[in-house]
Amino acid sequence: MVDSRVGAYADALFAVAAAEGNLAAVEDELFQFAQALGSNDDLLATLTDEAVPAVRRQQVVEDLLDGKASATTSALVSMVVAAGRAADLPAIVTAVVERGTASRNKAVATVRSAIDLSTDQRSRLEAAIHTSTGKEVEVKVVIDPSVLGGVITEIGDDIIDGSIRRRLNQLRESCR
Amino acid sequence: MSQRRNRLAAAPLIAVLGLVALAGPAGASGESVGGCMAEHLNEAIEENHGDYEHTLHDEGVQSDLEKCFDAPNPILPETNEVIWGALSFGLLFFFMAKKGFPAVKGAMDARAERIASDLDAAEQAKIEARAVEADYQARLGDAKGEASRLIDEARGAADQLKVDLSARAEADIADMRERAAADIESARQQAIADLRAEVAGIALGAAERVVQSSLDAEVQGRLIDAYIDEVAGSNG
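Top line first, the protein sequences correspond to chains A and B.
Under my numbering, the first residue of the first sequence carries the number 1, and numbering increases by one thereafter.
Under my numbering, the first residue of the second sequence carries the number 177, and numbering increases by one thereafter.
If we strip away everything but chain A, and leave its shape as in the complex, we get (with noise of 0.2 angstroms):
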């Protein structure tokens, strides 16, 4: 019920981004959004609060995307929030961007980095992944201070971990 739910949210998103022409980066910056809300746990709470009003939810949203995000996504958040689905909102951006890394025979990369990556970066980043996993990915970019430094990146199921954090941790796994 629920996967039907968020697969049919994440329709509607794909079809409104597919319809306005910006797809790759509304879908970019929902995962932006999500990744923040996911992270946010007094955000998430605000927008799944059913006491607050629909509209003062709406505005926090709209508060927070101004001048960040396009009209569309902005729009599109506003939209899932106002239905009570800020909840699922991480599930359907999720399945928005794969469907939008399908609809160009991708598969999605999330890198996890403290830092963001450069446009360079990212399609040497791509670019390596293909050549090591044959795979045609998109990166998107979740800024992590827990990495440390370095990048992990999870493809899928697979996880390519380069990071300090796991260095450090190998170290204190070590010192036991």
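Keep in mind that the hints were calculated from the coordinates and are not lab data.
In this text, a Cβ means the ideal position worked out from N, Cα and C, and glycines have one as well.
Mixed in with the good hints there might be a few duds.
To be verified - If you only want the chain A side, here are some residues facing chain B, beta carbon under 7 angstroms, derived: (1) Q121; (2) T131; (3) V151; (4) R172.
Starting from the known structure of chain A, arrange chain B on it as the hints suggest.
Same frame as chain A, but now just chain B:
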């Protein structure tokens, strides 16, 4: 029984009544001197037709009066007493032989028989008492033997229990000592591991802070480039 006792009591009573009834007057064979003299004087006065003086001086009368002073034989009773006594004795003897003696003999026999029976009963009781005593002694002996056996068994069981408890206590002590040693060793290992983890945590925390302070944008960029090169260099 009471009839025989009544007969025994009646026999002497009948004898006494016979003696009293058949006994003659006391003076029949030995009357008093005064009476004797008065009797002789009366007879002499009647013979002399009332002449007192002549009668008193008559030598024959005086001789008869002097005879009144003669004492009767102290040993030989008067003839009438002998007759009366013999008759009384014979009558008494007859009654005693006919009634008293059989009654007394019957009573004596009954008493002897009863005494003999009592003696037999006493002997029987004595035999039974001895049998009971022998049985009692035997039972006492058995009880003493049983008690001795039970005491020996109890003592043996107590000794065995003592040995078992001692062995169990020693085993428990050894087990407790072993567990205590294991606990001590485990605690020591845990303390070492905790200390090592603590030291590692401190060292890694320090290292993390050093790394964070040294990871500026340029270093981060180089790390990402190195990662990309590493992914590109790996093959599957």
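Against the structure, the hints:
For Q121 of chain A, the interface hint holds, the least distance from its beta-carbon to any beta-carbon of chain B being 6 angstroms, beneath 7 angstroms. The beta carbon of T131 of chain A is positioned within 7 angstroms of a beta carbon in chain B (closest approach about 5 angstroms), and the interface hint is therefore held. Using the Cβ-Cβ criterion of 7 angstroms, the hint placing V151 of chain A at the interface with chain B is satisfied: the shortest such distance is roughly 5 angstroms. Because the closest C-beta pair between R172 of chain A and chain B is about 5 angstroms apart, less than 7 angstroms, the hint holds.
The structure fails none of the hints (numbered hints given earlier).
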